[in-house]
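Taking the hints into account, I'd like the entire structure generated from these sequences.
Letter by letter, the chains look like this.
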Amino acid sequence: MKDFFKCQECVDLLTDYLEGSLEVEVKRRLDEHLAGCAPCINFVRTFEKSQDLTNRLREQQVNVPREVQERVKSFLKVELVALSSERQK
Amino acid sequence: MVAIMKVRELDQRQIVEGLKALDTDIIDDFVDQYSRPLFGVILNYTKNPSDAEEILQDTLLKIIKKIETFREESDIWPWMRRIAINNGIMWLRKHRAKQDRTTQLEDLLPKFSRDGEFDSPVYGWSVDPEEVYLNSELAGELYEAVQSLPYEYRVPLVLKDIEGYAIKQISSLLGLKEPTTKTRIHRARLFVRERLAQYFEGR
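Taken in order, these protein sequences are the chains called A and B.
Numbered according to our numbering, the first sequence spans residues 1 to 89.
Numbered according to our numbering, the second sequence spans residues 90 to 292.
Read the hints as simulated data drawn from the structure, not as lab findings.
Errors might be hidden in some of the hints.
Straight-line distance between alpha carbons at most 27 Å, and here's what the computed DSSO-like set of lysine-lysine pairs gives [claimed, not checked]: (1) B:Lys136 with B:Lys151; (2) A:Lys49 with B:Lys271; (3) A:Lys73 with B:Lys183; (4) B:Lys257 with B:Lys271; (5) B:Lys154 with B:Lys109; (6) B:Lys151 with A:Lys73; (7) B:Lys200 with A:Lys49; (8) A:Lys49 with A:Lys27; (9) B:Lys136 with A:Lys49; (10) B:Lys109 with A:Lys77.
Structure below.
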C-alpha cells in the first residue's frame, strides 16, 4: 500500500468516509490527504451538498393534473363494482 | 420542513372505515387527498406521465384491497407510501428492458489522471441547500439527474437518499448483496453530484 492517498482513492471511499464506516487507519490517511488537497475538499463538500439536495426531493410537491385525478376516480368506480360483487358472493 | 399534505380533510379512521366499506364518496375524497403525495413518490420511479398514472391507479386500488391488513394503531401514510414504492419497483422490473440506455454512467463519473488526481478542476458551489424548496428549477434538474441514472443505480439511490431506507432493507428488496447495493449507491451519488456540478458551473 502506498503511503499517501490520491484524489481517486478519496473519491472511491467517500460514502464510507462520510458515514463513518472506514477503518481508523484508512480514515487517518484520507484525512491526511484532505488536509492538503483543495480539489478534494471541494469535492467532499459538493458531494455532501448534492446528497442533501437529493434527500430533499422527498418533500417536493408535485401536481396531479385534474384530468388524471378524474380518470383515476372513474377507474376505481369500475373496479369497486367488481370488488363489491366479488365480496357479495 | 414543508408538510407534504396541507389539507387533510378526512381523518385516518374515516379513511380506513370508508375504504373497508367501499364507500364511493369517501373513496373520491381519499383520491383527492392522497393522489398528489402518492404521485410524488411514484414519479421517482418513472417520469413518463401515462406510466405514472397507471401506477397511481394500481396503487390506489391495492390500498383499497389491502386495507383489511392495515394495522390501525399505526400511521396510514407510511403504509400507503410503501405500497406506492413497491408498485414503482415492480413496474420498473417489468419494464426495464424497454428503458432507454442512452446515459452511460461512466461518462459522468469523475475522471482522474494516471497518477490518480482530478482531471479537471473541482469547484465549490455557492448554493444554500435551503433554497431547494424555493427553486423549482434546481429541483427539476436534480430530478432529471436521478431519472437519467440507469435502473440498477437509480432504484438503490432513490430508496436510500430519497426514501431513507437502510442498506439492508434495500438489498433484500432488490435481491442484491449489501456491498453491491453500497457500491451502486456510491456511484449513483457521484453521478448526481457531477450532473449538479455541470448545472451550478453552467457548463
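Hint by hint, here is what the structure shows:
1. For the hint pairing B:Lys136 with B:Lys151, the CA-to-CA distance comes to about 21 Å; that is within 27 Å, so the pair holds.
2. Distance restraint check for A:Lys49 and B:Lys271: the Cα-Cα separation of roughly 19 Å lies within the 27 Å cut-off, and the hinted pair is therefore satisfied.
3. In summary, the hint linking A:Lys73 to B:Lys183 is supported, as the alpha carbons are separated by about 25 Å, within the 27 Å threshold.
4. The hinted pair formed by B:Lys257 and B:Lys271 meets the criterion: a straight-line CA distance of about 10 Å does not exceed 27 Å.
5. Only pairs whose Cα atoms come within 27 Å are accepted, and B:Lys154 paired with B:Lys109 is accepted, the gap being roughly 8 Å.
6. Pair hint B:Lys151 plus A:Lys73 holds up; C-alpha atoms about 14 Å apart against a cutoff of 27 Å.
7. Distance restraint check for B:Lys200 and A:Lys49: the Cα-Cα separation of roughly 20 Å lies within the 27 Å cut-off, and the hinted pair is therefore satisfied.
8. Restraint check for A:Lys49 and A:Lys27: satisfied, since their Cα atoms lie roughly 21 Å apart, inside the 27 Å limit.
9. At most 27 Å may separate the alpha-carbon atoms for a hinted pair to count; B:Lys136 and A:Lys49 meet this at roughly 24 Å.
10. Between B:Lys109 and A:Lys77 the alpha-carbon distance is near 15 Å, which keeps this suggested pair within the 27 Å criterion.
Violated hints are absent here; each numbered hint is respected by the structure.
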